[in-house]
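Given these sequences and hints, build the entire structure.
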Amino acid sequence: MAKKRAIGGIAGIFLDEATTIKAATRVREAGFTKFDALTPYPVHGMEEACGIKRSPIPYVTFAAGCVGLLAGLALTYYTSAVDWAINIGGKPMFSLPAFVPIMFELTVLFAALSSVGAFFYLSGIPRVDPPIIDKDITCHKFAIFIPENDVGYSADRAEKLLKDLGAVEIKKMAEY
Amino acid sequence: MLKRNQLVLGNKTLKDVTDDICAPIERVPSKEWMGLFLTAKGLFIFYILTIAMVVSTGIGLLGVNHPVAWGTMIITFVFWVGIGHAGTLISAILFLFRQKWRTSVARSAEAMTVFAVATAGIFPLIHTGRPWLDFWLFPYPNQRGPLWVNFRSPLLWDVFAVSTYATVSSVFWIVGMIPDLATVRDRAKNAIRKKVYGVLSMGWRGTAKQWSHFEMIYLVLAGLSTPLVLSVHTIVSFDFAVSGLPGWHTTIFPPYFVAGAIFSGFAMVITLMTLVRIGFPQFKNYITIDHMEVMNKIIMMTGLMVGYAYGAEFLIAWYSGNDYERYVFMNRAMGPYAWSYWIMICCNVIIPQLFWFKKFRRSIPVMFVVSIFVNIGMWFERFVITITSLHRDFLPSNWGQYAWSMYDTAILVGSFGMFFTIFLLYLRIFPAISIAEVKPVLNVGKEDEHHGKGH
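These protein sequence lines are chains A and B, in that order. Residue 175 in numbering that gives the first Met the number 0 sits at position 176 of the first sequence, and the numbers go up by one each step. Residue 316 in numbering that gives the first Met the number 0 sits at position 317 of the second sequence, and the numbers go up by one each step.
Derived by calculation from the structure, the hints in this document are not laboratory data. Check before you lean on any hint, since a few could be wrong.
Chain A side only, calculated, beta carbon under 7 Å to chain B, not exhaustive [unchecked claim]:
#1 Glu28
#2 Gly30
#3 Glu104
#4 Pro125
Selected chain B positions facing chain A (in silico; Cβ < 8 Å) [unchecked claim]:
#5 Thr12
#6 Leu136
#7 Pro138
#8 Leu146
#9 Trp156
#10 Ala160
#11 Thr182
#12 Asp185
#13 Arg186
#14 Gly205
#15 Phe213
#16 Leu223
#17 Ala435
Where is the CB? At the ideal position from N, CA and C, for every residue including glycine.
Here it is as structure tokens:
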């Protein structure tokens, strides 16, 4: 990470949800593709405005759930019927109905923990000292950030666009 | 069309929401909080000492003996696990049903779940008698064969169910808190606070991509927690139902236990929320009387469900024609433990009927008292189930009483010290209302709600 040159850019600060969504739509229409919108809470319609695809986390959940189910089956089968089979109350060595709770719990456990892992990976957290555009973005302000490596970027153009869209403040960021 | 009531009162702006919710964690604790905390902490220390005595001397200090080999430990374990269920119901199931009112109480309810399960988890671990060998509960390769655990036993299903539940609930709670911790981090005035919350918030920034993934993981975890929470108390009920004992061996147990768990859990949420509203008056705008009323309705409904289950058990005991089954139920209502049975009926079935009246549903003192009664009643429900079935089974020569000792009382009372100590600390360390979830519902019920937003 240390070698990688930090990417800077221009950020515009907005004061309400509706203006930010409109601005994000217009920034996208202006041809920018790598811009990002920062909001204090999940804003409905922001994904469409920014052109963000549906999160792939459910695929991870499903795959990990299947692994968990099979792991539960393998664990119970191997320990109860193969490795040291003990006759308990005359029940079959491989008592599938009795193993269902274990398989179910492991399905949920694997699915949940792997999904959280996928969430961390996809959202780029944990991250040490993330650059903060404005302290109030986690409270009551909104921001749109256009990085300098975006298509057709020039500092003046980005600044003018954000101002025209209703940004109350423009910030030049050295690192994002 | 019916008008919705406002979910948040007082015409709050986004900044007000942040300020109000962060206030309790950014100021010197109030005298009330200190008083409560020191009391809870004292009780917690007492609890630790009790456990130390029980572990060092042996569980013979408790009343468990032949024929009643399951006592306070199991009763109180089931009680605390049940408390936790309402938290998951609010945070996961009501989320899936898109109940917007849940946002204000979801955080604290989920916290209650995590702490209640932590409190519950201690009991079976001590009840094994040799808690230093508790790792034997898990299947791990060992030098004794390897000798594996018995996967056909409901007690082992319980190990898996409760530990999975504890893990997934904690993860759900912590992940849901990340954006709010970032809010606290960005408001922090001193360096240590900034560092601590910086670590806890894991570098969250609130970009559109992060929110997109966040909403998805929240949905996924809610979807996973829903069947999980139902499975947990089902499996806890299997501890009883899979045995052959009259009064335990019934198919009604899983739904009956789950309903009872939600019933007692909501009562605990009401108890805690009334206290939180008193301790932090600014929260009254977020946890409104409307919220409390909705929860009281759920208490009444689940109370009727457990009432129905009590009746159905009697009917089936009679209808089955099984002498032992019939005797156990007659013995419950009229035997030596009849007092506990009637405490249970009064607290769980009769007292919640007050909530038919809107005036009582919306009265803080009334709901506080009722919620305490429900908590007592639900503890006694588990007492009735556990003790009455065990103390008189098939052969009269095998009958006996539960020899309740002062250590039973100490363990039971002390566990509240542990729960409240952790809960009070939580109120001072984490935002007790979900900031990022409340902000989007600020406009619900306001006149200008429908200005082109796609709700």
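A quick look at each hint next to the structure:
1. Glu28: 16 Å, violated
2. Gly30: At about 18 Å, which exceeds the 7 Å cut-off, the nearest Cβ of chain B leaves the hint on Gly30/A violated.
3. Glu104: The hint holds - Glu104/A has a Cβ within 7 Å of chain B, the shortest such distance being about 4 Å.
4. Pro125: Pro125/A check passes; min Cβ-Cβ to chain B is 4 Å, inside 7 Å.
5. Thr12: Because about 7 Å separates Thr12/B from the closest Cβ in chain A, which is inside the 8 Å limit, the hint holds.
6. Leu136: 13 Å, violated
7. Pro138: Interface hint status for Pro138/B: holds (6 Å vs cutoff 8 Å).
8. Leu146: 7 Å, holds
9. Trp156: Status holds, d = 4 Å.
10. Ala160: 6 Å, holds
11. Thr182: Holds: closest Cβ of chain A sits about 4 Å from Thr182/B, inside 8 Å.
12. Asp185: This hint holds: Asp185/B lies near chain A, its Cβ roughly 4 Å from the closest one there, short of 8 Å.
13. Arg186: Check passed: Cβ of Arg186/B comes within 7 Å of chain A, closer than 8 Å.
14. Gly205: 5 Å, holds
15. Phe213: The hint holds - Phe213/B has a Cβ within 8 Å of chain A, the shortest such distance being about 7 Å.
16. Leu223: 5 Å, holds
17. Ala435: 4 Å, holds
Hints 1, 2 and 6, counting from the list given before, are not met by this structure.
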